[in-house]
Amino acid sequence: MKGNDSSAEKLENERHFHQTAKQPQLKPTPPPRKKGKLKSQAFREAMTGYFFLAPALVLLGVFLLYPMGAAFYYSFTDFYILTPDDVSFIGLENFKYIVEDAQFRQAFWNTVYFSVIVVPVQLSVALGLALLINKKLRFRVFFRTAFFSPVVMSLVVVSILWTFMYNPNEGLINQLLQTVGIPPQPFLTSPDQAMNSIIVMSVWQGAGFQMMIFLAGLQNIPNHLYEAADIDGASSWQKFWHITLPGLRNIALFIFITISIAAFKLLVQPMIMTQGGPLGTTKSLVYHIYETGFNYRDVGYASAMAVVFTVIVLVITIIQRVLIKEERG
Amino acid sequence: MRKKRMINKFTLYLSLVILTFIFLFPLVWMLVSSLKNEFQIFRDMQSLQAFLPPAPADVEGGYFHNYVAAFQRVDLLRYIINSLIYTIGIITFGLIVNSMAGYALARFRFPLAGFWLGVIIATLIIPPESIFLPLYVLVYDLGWVNTYTGLIVPFIANAFAIFLFRQFFLDFPKELEEAAKIDGCSQIGIFFRIIVPLSKPVFATVAIVLFINHWNDFLWPLVVASDESMRTIQIGLQYFMNEPPIKWGQVMAALTVATIPMLLIFAFLQRYYVQGLTHTGSKN
Amino acid sequence: MKKFTYVFLGLMLLLALAACSNGSGGAESDGGNAGNEESGGSETSDTVETGEVDTSVEATGDEDVVLEFWIHQTGEDETNAYIELIDGFNKEHEDIHVNAEVIIDDGASAYSDSINAALVAGNLPDVMAIDGPYLSSFADAGVIQPIDDYVDQETVDQYVDSIIQQGTYQDQLYSLGAMEASVMLYYNKDILEEEGIEPAHSLDEAWSWDELLENSKKLTTEDRYGLNLFMNYGVGEWLTFMGAPLVWSNGGDLISEDGKEVDGYLNSPETLEALNYVKELFAEGVVTESPGEMQFEEGKAALALGGPWIAVSAEEAGINWGMMPYPYKDEKVSPSGSMAYAITTNTENPEEATELMKWMTNEEATIKISEATGMPPAQESAFESMDKFNELPWSVMKEQVIETAHARPSTPAYPVLTDAFAQSFHAAALGEDVESVVEQQVSRVERELKRFNK
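Going line by line, the protein sequences match chains A, B and C.
The first sequence begins at 1 in my numbering and counts up by one.
The second sequence begins at 1 in my numbering and counts up by one.
The third sequence begins at 1 in my numbering and counts up by one.
Source of the hints: derived by calculation from the structure; they are not laboratory data.
Remember, predicted model here, so these are calculated numbers, not experimental data.
Glycine residues also receive a C-beta, built at the ideal position from the N, C-alpha and C atoms.
A few of these clues could be false.
Derived list of chain A stretches under chain C, where covered just means 3 residues or more per stretch with a C-beta under 8 Å from a C-beta of chain C [claimed, not checked]:
| no. | region |
| --- | --- |
| 1 | 72 to 81 |
| 2 | 119 to 126 |
| 3 | 181 to 191 |
| 4 | 226 to 240 |
In silico DSS-like cross-links for lysine-lysine, where the CA-CA straight-line distance does not exceed 27 Å [claimed, not checked]:
| no. | chain 1 | residue 1 | chain 2 | residue 2 |
| --- | --- | --- | --- | --- |
| 5 | A | K96 | C | K260 |
| 6 | A | K239 | B | K4 |
| 7 | A | K135 | B | K3 |
| 8 | B | K247 | C | K300 |
| 9 | A | K136 | A | K239 |
| 10 | C | K332 | C | K218 |
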């Protein structure tokens, strides 16, 4: 693997480093604090810490937190794009309308449906692929690259491509189905199938990314555990259940939370493939927010929905964390 | 027993081949179709010919006629260069800024460290689309509309990247730093001369993640780089979709052109990427 | 906002600092010398300042008027025609200089997203291209200004009525356009001949709704649809552009004349009847909600209700095609409206800006654009001087544009209204209960209208 590294010293360092990496540490070990050490030592460390952190903090503050604050302010106003100089404070009006807005409700449930299916399916597909590949195989790198290639192809490109493939009359998939005698399916044009079609494509596009992370996790499970199990005569199912799964726990949780957040932010696929249709069945929350703000110019209401959206995702993330912590005991 | 193992092996490879087909066929189809004319694309869809390149003799106007046409129609090369400047700019500055932040959060004790980590992770939740308007106004007031600065600077700091770096540096052996400190290196010196060179995997991982994210950006480059000379490839792609009837051969060629840089980057960094994930993915 | 520049500069300083110690390599161990770092940092920030900020400031000559001009970009021939016209204008007018910015129009919202962002930042150009029906909302918000003072009646009379109708909001003229658009009922001559169906050759012979339905049924076979409505364009402006005349022809409307009342219009019996007619077309199976890109050009649909660009692609595909007028119920009306130009309230030179607008839409220009795009011209005289419009099949289009063209509704709530109608149209196509869908859309538009009816 490291044949190309020039200096032998470096190689030695890395090897050393790899070994340490095998014992996961959850928190940074604080430097031992001795009583009576000079205050200036802690002060200097804090200064250095902030020195390293400052560029990122400043950038995040200016280009993320400040606009967020602005959006939060807009959510209490009737900000309309065409009249940016005539903005008045309207209290909770926008938030009240969220409750009445049938489109918001539909978009909310669409997003929930998408997430509830995509998250477990994508997680399992990614894990399955990782397990399949994590063996001594010929062409292993080839298979791994193949499964990862949709990630590299990018969501925009993939969405354009699949729109074409899903086309009922001249799309690739229906043409292939027809050769085996299955009638053409209205993948993206039927309200019953559109979201599912988007789900299939999303899993296909994204699973490779998580597969890579799982693969990494699998390689971190110490081999001697399996060897010991072999000596005890454990079946491969038992090994999977008692060694592999627990070993992947943390990774799976990490992936679970990141996929959940990403799934809730669904936008590109419906925007390119269905424009939220048919009958609004693929309109996601973020798409609804985007459309309200940019197409209908109602920045006030869009911002209010963005605030609610952020709170929803925050709550879900916190619930996930709490559940995970509880389970850990 | 041996027979059974053979059968197992056979099923394993068979399923791998089927899976490979499922994951690769759109890519292959895209590449192959970019060489065909409209008629061939639609005709071939009824058979496996859809995944085979056309015979050179069957292609009028040169094997790469769709590419030639696509590049003539719009300044794709310019768009790709813009996209590269945009993404590489974000990656270069992003690697410096975010690795420093990740290092700070992994190594130093300072007031509010936990708070900042929480804030940074929380920002992952926000859909960027919802802040683009205020962000645009800000960038306009800075005089950065239609400049690379306006495209790049707002996205240098990246919460996910900071998080990945932090996870990686948590595991970094302290002994090396201690040794360097004794040798009289400053903190900055230690970071850039000792830690960075030994952290290629995580830098590669973050570079790939940033590249994948920003190569695909649409809305931000659209509004900030409204001038044609600043246009990025993802917006350029829309050009091929906006005028009916759509010429699919050219669309396929344009999509291929948009994909190639990503493939190249991944091919070059793949080795480090896998290593990097091995170190960052293992912790919560 | 200058503050932010400083913040950024400070940041660059930090980066420069870090980069310094990185660049020094292994040569020397620099122990954080504060003085050194600062000077190094400010040098870097200086170059950043001049490099980035200055370029965005326009260098304006003293006596010359400089006009910023945004045009939308769709086809390359069209864009080239605009560029040539602008070059011509610059040559002709020594004291005016036009800077054109070509902004992508992806047929969805890309172009209007760019306008929106610029608008909020106060960064709009002097003149910009806008889509006809969106004019009311820009005019209502005071983003664009009336041009009555700079355009005389003689000039106005040169344009076809629908262009002036589209450019007028509350009795004031705001915009002029170089091109019209229309929707024709295209037909495949060979197929109609085969089935023994006689097409219409003039406005007088136009098909009624019943004829369209009956003939479409006859023309539908196992591997061919009778009609194509280009539902593959998606649920968007196309459905309003193509579909609204059905409502008008039936005596209905999408919104009240003054653009302030939607209840009783979008959900009127006339509107519902028109939508139910659409529903019937789909239910009878003569048209599909997911046609292939080239359904008509490939002979897989016998009729097609499409824009002028279908003539271009049908010609390219080499089929034997013709065009008929838009089908009617009671009154004969047809779709109209396209991109047009307007002058923003940002401009300090409305007179010169109007001059540019007239230049971009005069007879010569409208012929040039028409030739580049295949769209009908916006001036009546242009129809006369272009030979193709005086013989079949294009004479039908000319007749239709001059006689029956009907602009889309004039209301500041248009962006929501058009989506409401498009959604209803699409729901009808999918066989949904039209009435309940329309009611839901009405309440949506009503909420939007409140903003303007204060």
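Here's how the hints hold up against the structure:
Requiring three or more residues with a Cβ within less than 8 Å of a Cβ of chain C, the coverage given for the region 72 to 81 of chain A holds, as 3 such residues are present. A count of 0 residues in the region 119 to 126 of chain A with a Cβ less than 8 Å from any Cβ of chain C is obtained; the coverage claim is therefore unmet, three being the minimum. For the region 181 to 191 of chain A, the proposed coverage by chain C is satisfied: 4 residues have a C-beta within less than 8 Å of a C-beta in that chain, meeting the threshold of three. With 0 residues carrying a beta carbon less than 8 Å from a beta carbon of chain C, the region 226 to 240 of chain A misses the three-residue requirement, and the given coverage is violated.
The hinted pair formed by K96(A) and K260(C) meets the criterion: a straight-line CA distance of about 24 Å does not exceed 27 Å. Among the hinted pairs, K239(A) with K4(B) is consistent with the structure: their alpha-carbon atoms are about 20 Å apart, no more than 27 Å. This hinted pair checks out: K135(A) and K3(B) have alpha carbons roughly 20 Å apart, not beyond 27 Å. Distance restraint check for K247(B) and K300(C): the Cα-Cα separation of roughly 18 Å lies within the 27 Å cut-off, and the hinted pair is therefore satisfied.
With a CA separation close to 17 Å, the supplied pair K136(A) and K239(A) stays within the 27 Å bound. For a cut-off of 27 Å, the pair hint linking K332(C) to K218(C) stands: about 24 Å separates their Cα positions.
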